[in-house]
Each structure stands twice: as structure tokens, then as C-alpha cells.
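Number of protein chains: 2
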Amino acid sequence: MLQGLFDHIRRFVPLSGEEEQVLVQYIEIRDVKKKAFLLKEGQVCQGNYFILSGCCRAYFETERDGEQIYHFAIENWWITDYMSLESRKPSACNIQAVEHTSYAVLYRDVQDELFAAVPQLEKYFRIILEKALAAAQLRIKYIFTQTAEQRYHHFSGLFPDFVQRVPQYMLASYLGVSPEFISKIRAKKKV
Amino acid sequence: MLQGLFDHIRRFVPLSGEEEQVLVQYIEIRDVKKKAFLLKEGQVCQGNYFILSGCCRAYFETERDGEQIYHFAIENWWITDYMSLESRKPSACNIQAVEHTSYAVLYRDVQDELFAAVPQLEKYFRIILEKALAAAQLRIKYIFTQTAEQRYHHFSGLFPDFVQRVPQYMLASYLGVSPEFISKIRAKKKV
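If you read the sequences in order, they're chains A and B.
Sequential numbering of the first sequence, starting at 1, is according to the numbering used here.
Sequential numbering of the second sequence, starting at 1, is according to the numbering used here.
Just so you know, these hints were derived from the structure itself, not from any lab.
Mixed in with the good hints there might be a few duds.
For chains that are exact copies, the list does not tell them apart, and a pair is met inside one copy or across any two.
To be verified - Derived lysine to aspartate or glutamate pairs resembling EDC-like cross-links, with alpha carbons at most 16 angstroms apart: (1) K34 with E75; (2) K184 with E149; (3) K131 with E86; (4) K123 with D112; (5) K141 with E67.
The task is simple: from the sequences and hints, build the whole structure.
Take a look at the structure:
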């Protein structure tokens, strides 16, 4: 069940069979239906979620546009609200399943104990956080420097399957464009 | 000279006097004049920079607006281009001193050796990366959900001294507004 997580960890640090068994004791596996919430605005975020199968989105409720998606996660991606997780304050965002989703939870209150038992996991998280921060910095660059159309083509070039997988209005929210705009671009492509 | 860095580390993990001495061997201290570059577009980023005194900015050259600042760093902040540092590919950004700046460099090629010698530094970086990622996620939220005027007031509320310290056109670039817009808001406030 956790093979996807073990494989992901081994891309960055070594992990023995014995260490896999230690890890299993610290991880909870969950299964939720489409539209279920992993985290709701106002709750304190308790852990870091690794998607085993399915797809989730993280979004803020906004006055202006209703919803603003700031992050998606599919298989082998971690998703959480680091602001709430770190500060132990209520979250300002929601994390919701876009499809039927299985995920592994690493709870904050056992994380340090796990890192003490399997020290290279600290390195694993340090490395994936560097990658996530690099991606967030690049995303800020693209928001400011690309037109909406460039942003759509760039994103769908990087993640072609993903673009087919999520509803159009969610993709629009993530890219900061209107759903009508995406329909228009797609129609243009078909011509 | 490195007291600021030692103090910053101790906010998150323990660090003994002996470990300070180990750390010193892995850190290079540099001093640059205003407008000097810590990193130039096209160079491979070699390390992570901790500002001891002064102020730096990280920015992209853009076709549309000339420059887009995506990050500032003042005393006790780390700054780097994680995308280049991680991939060892040429950087797409510039890191430049806004004032006369002293900084400590932790080079990528000695980082693992340092973490092996002082293991809790891996934890230190994991924690500050979580904080940086939380801030980047929040920044994306504000870019999408706040008006330019809200963004200015929010930022100057959080960092009042900083807003006075950097030139107006840089602040405008960071916030994604025009310099004229900031002049206008400031004029309004004085009335």
C-alpha cells in the first residue's frame, strides 16, 4: 500500500526494509471520496499528506472570486498547509479531494520521533521542501511575467495529463484566468 | 562576525560552542558594495546566502516590465536560487545587493559534509524551508486575492521599516504594481 511512498523516499535518500517497517508505524493511511475534505478552513492542520492515488486541491475562499486554488497534488506529491502546521493556528485554506483519493498522513506530533528513528527522513523532507520552494518561486515568476495564454500553454505543456484530469473551472482558478478563457483557448486549438 | 547566524540557528535547534567552530570552517564570509551581484543570470548558483548586514533582492529580467523582484532578504534571512542550486543548471535570476551587504555563504558542495558533522543543521534547514514555503504560498494567495492597494498596505503593515529602506521602484516591482501607484498611495496617506 505504501510502496509509492517508499519509492519516492528512495529517489532521494536510502531506506532499508527495516526502516520501511518503522515508517509504517508512524503513517496512517486514509481513503476519501471525491469532494471530501482533508483539511477545512478554521481547523488546525495536523499533518503532511502524501497522495497514494487520486488528486487533491488546496484553495482559499476569497471575497473577489469565490475560490482561489493555490496547489494541486496527484500521486507521489505531498500537500499540506505549512502555515497552519508550523504555527499550530487555524488554517486559512481548504484541502479537498478532486477524485476518490488514498493518502498517507504523517502527523506533526510524531514527526520528530520518526526523524529520530530514521534520521535520513529529515534530509528527504529538506530536499523535497527545496524543490517545492523552487517551484513556488517559479510560479510567482510566471504569474507576474506571463500572459494568461502563455500561462495556460506553459502549464499544459508541463502537465498534459493533469490538464485533462481536473475540471476546467479548477484549472482556471489555479492559473488565475476565467473558465471562459480556457474554453476559448481550447476551441482555438481545435480549429 | 557570524553571531547573527549562530543566534538564528539557536532559535530552531541547539548548537554548542564546539559546533559553532565546526560551522565556521564551512562558511565563507563576503562583503559587497551596493549593486554588486551575488548571483547573475546564466551562472550556476553555488550556495545559500545568509545576510549578516545589508539587503539583497532576487529578480528576473522580463520582456514585459524589465525586472520582476520575487524576493528580498535583509539581516538574518537566507536567499538563494533553489531551482539552479538543486538542478545545477544556469540560473534564470539575479541576486543583487541593494545596500552595502555582508553575507555568509554555505556552498552546496560542502553542505552534506557539514550536515554529517552537525546533523541538527539538516533539521534547521528543514524548518526554515517550511517557513519559506508557507510564506511563498501565502504570497501567491495575496497576489491573486488582494487589490494592489491592499497588497501595499498589508506588506507595509508587516514590514514598516523595510518599506522605508528599499527604493520605491523595487517595492513596486515586488508587489506587482507601478511605482506611480505607490507614490499615489503615499501621497494619499500624507493628506
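Here is what the structure says about each hint:
| no. | hint | verdict |
| --- | --- | --- |
| 1 | K34 with E75 | within (15 angstroms within a copy, 46 angstroms between copies) |
| 2 | K184 with E149 | within (10 angstroms within a copy, 31 angstroms between copies) |
| 3 | K131 with E86 | between (19 angstroms within a copy, 7 angstroms between copies) |
| 4 | K123 with D112 | both (13 angstroms within a copy, 10 angstroms between copies) |
| 5 | K141 with E67 | between (22 angstroms within a copy, 10 angstroms between copies) |
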